[in-house]
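A.B. asks: When you get a sec, could you build the whole thing from the sequences and use the hints?
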Amino acid sequence: MYEQKTDYLYLSEKALTKDEFQQYIKLYKEIINIQKKGAPRDSDYESIFFREERLTKDDREKLYALYDQSKPFDDKVHESINYTVKEAQEHVDFQIKKPTYTIEGYNQKDEKVSYFIKRRPELTIELEYTNGKGNYTTYQSQVFGESKDPFHALFVVEENIEQYELEGNQIFYATHNSDSNLQGMKMIVPAKGKNSAYQIVIINHSLEDPGEAVFDKNVNKEELEKVMLSMLK
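Once you know that position 140 of the sequence shown is 140 in the working numbering, the rest is easy, because the numbers rise by one and skip nothing.
Bear in mind the hints are in silico, worked out from the structure with no lab data behind them.
Backbone N, C-alpha and C fix where the C-beta goes; we use that ideal spot for every residue, glycine too.
Please note: incorrect hints may appear among the correct ones.
Pairs of lysine to any residue residues, derived as SDA-like cross-links and limited to a Cα-Cα distance of at most 20 Å, are as follows [what the hints assert, rightly or not]:
(1) Lys-192 / Gln-89
(2) Lys-221 / Ser-114
(3) Lys-97 / Leu-207
(4) Lys-226 / Glu-126
(5) Lys-71 / Asn-33
(6) Lys-37 / Lys-62
(7) Lys-148 / Ser-114
(8) Lys-76 / Asp-59
Derived DEER-like restraints, expressed as beta-carbon distance ranges [as the list claims (entries may be wrong)]:
(9) Lys-109 / Asn-181: 14 to 20 Å
(10) Asp-74 / Pro-190: 33 to 39 Å
(11) Val-157 / Asp-209: 20 to 26 Å
(12) Ser-180 / Glu-53: 31 to 37 Å
(13) Arg-60 / Gly-105: 19 to 25 Å
(14) Gln-22 / Gln-89: 29 to 35 Å
(15) Gln-142 / Gly-211: 19 to 25 Å
(16) Asp-110 / Lys-18: 34 to 40 Å
(17) Arg-120 / Gly-211: 26 to 32 Å
(18) Arg-120 / Asn-33: 57 to 63 Å
(19) Tyr-64 / Leu-166: 36 to 42 Å
C.D. replies: Written out as structure tokens, the structure is:
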């Protein structure tokens, strides 16, 4: 948590003017001082321990006012790392590729780049495809640990995850459970040349409704493999 805060302040200093950053730091310190009052007295303060209900009414009102004042600065910081897919290529160590194969009847609907706050933001390139009813979304990113991995976020039961190799690449394929149409696939692409190792994830859901899937017999393990392999070409 501490590292995330210092990384965010680093990004803030880059995104804001000198005067804006000084104003932001002043607001930031005031926010922290009030939030400390909402943390357990016997704990070393971390915002994860902060509970708004522990504050007095006056402190809550002061905190809301400070949030409002800092919002324009926060918006500017987030806008500075709100990349397009084309811009994202300059900030990742692997080649971003769109699939050359799409499942029959599906067309690209949307694309976006999400991020985790770091001094060098950790980006995920998300491409959504739809046939009007069903959807599937591809995710390209560095190799993430479980806490940031979109595949692991939805597929956590080991018995439901199949592991194997496909053309030399490690594959994980999973279905959610018997009551869900959700399925997903993850490929770990080894480092090669100037490209670092990275991962591709495909899940049959939309960006708007993650975790919700519509049954489509055309979206199956074999078809997901074809989409995966086409993203390596």
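A.B. asks: All hints are to be evaluated individually against the structure, with a verdict given for each.
C.D. replies: Against the structure, the hints come out as follows:
| no. | hint | in the structure |
| --- | --- | --- |
| 1 | Lys-192 / Gln-89 | holds, 17 Å |
| 2 | Lys-221 / Ser-114 | violated, 26 Å |
| 3 | Lys-97 / Leu-207 | holds, 19 Å |
| 4 | Lys-226 / Glu-126 | holds, 18 Å |
| 5 | Lys-71 / Asn-33 | holds, 18 Å |
| 6 | Lys-37 / Lys-62 | holds, 12 Å |
| 7 | Lys-148 / Ser-114 | holds, 11 Å |
| 8 | Lys-76 / Asp-59 | violated, 26 Å |
| 9 | Lys-109 / Asn-181: 14 to 20 Å | holds, 18 Å |
| 10 | Asp-74 / Pro-190: 33 to 39 Å | holds, 38 Å |
| 11 | Val-157 / Asp-209: 20 to 26 Å | holds, 21 Å |
| 12 | Ser-180 / Glu-53: 31 to 37 Å | holds, 35 Å |
| 13 | Arg-60 / Gly-105: 19 to 25 Å | violated, 52 Å |
| 14 | Gln-22 / Gln-89: 29 to 35 Å | holds, 34 Å |
| 15 | Gln-142 / Gly-211: 19 to 25 Å | holds, 23 Å |
| 16 | Asp-110 / Lys-18: 34 to 40 Å | holds, 37 Å |
| 17 | Arg-120 / Gly-211: 26 to 32 Å | holds, 29 Å |
| 18 | Arg-120 / Asn-33: 57 to 63 Å | violated, 30 Å |
| 19 | Tyr-64 / Leu-166: 36 to 42 Å | violated, 52 Å |
In summary, the structure is inconsistent with hints 2, 8, 13, 18, 19 from the numbered list given earlier, while agreeing with the others.
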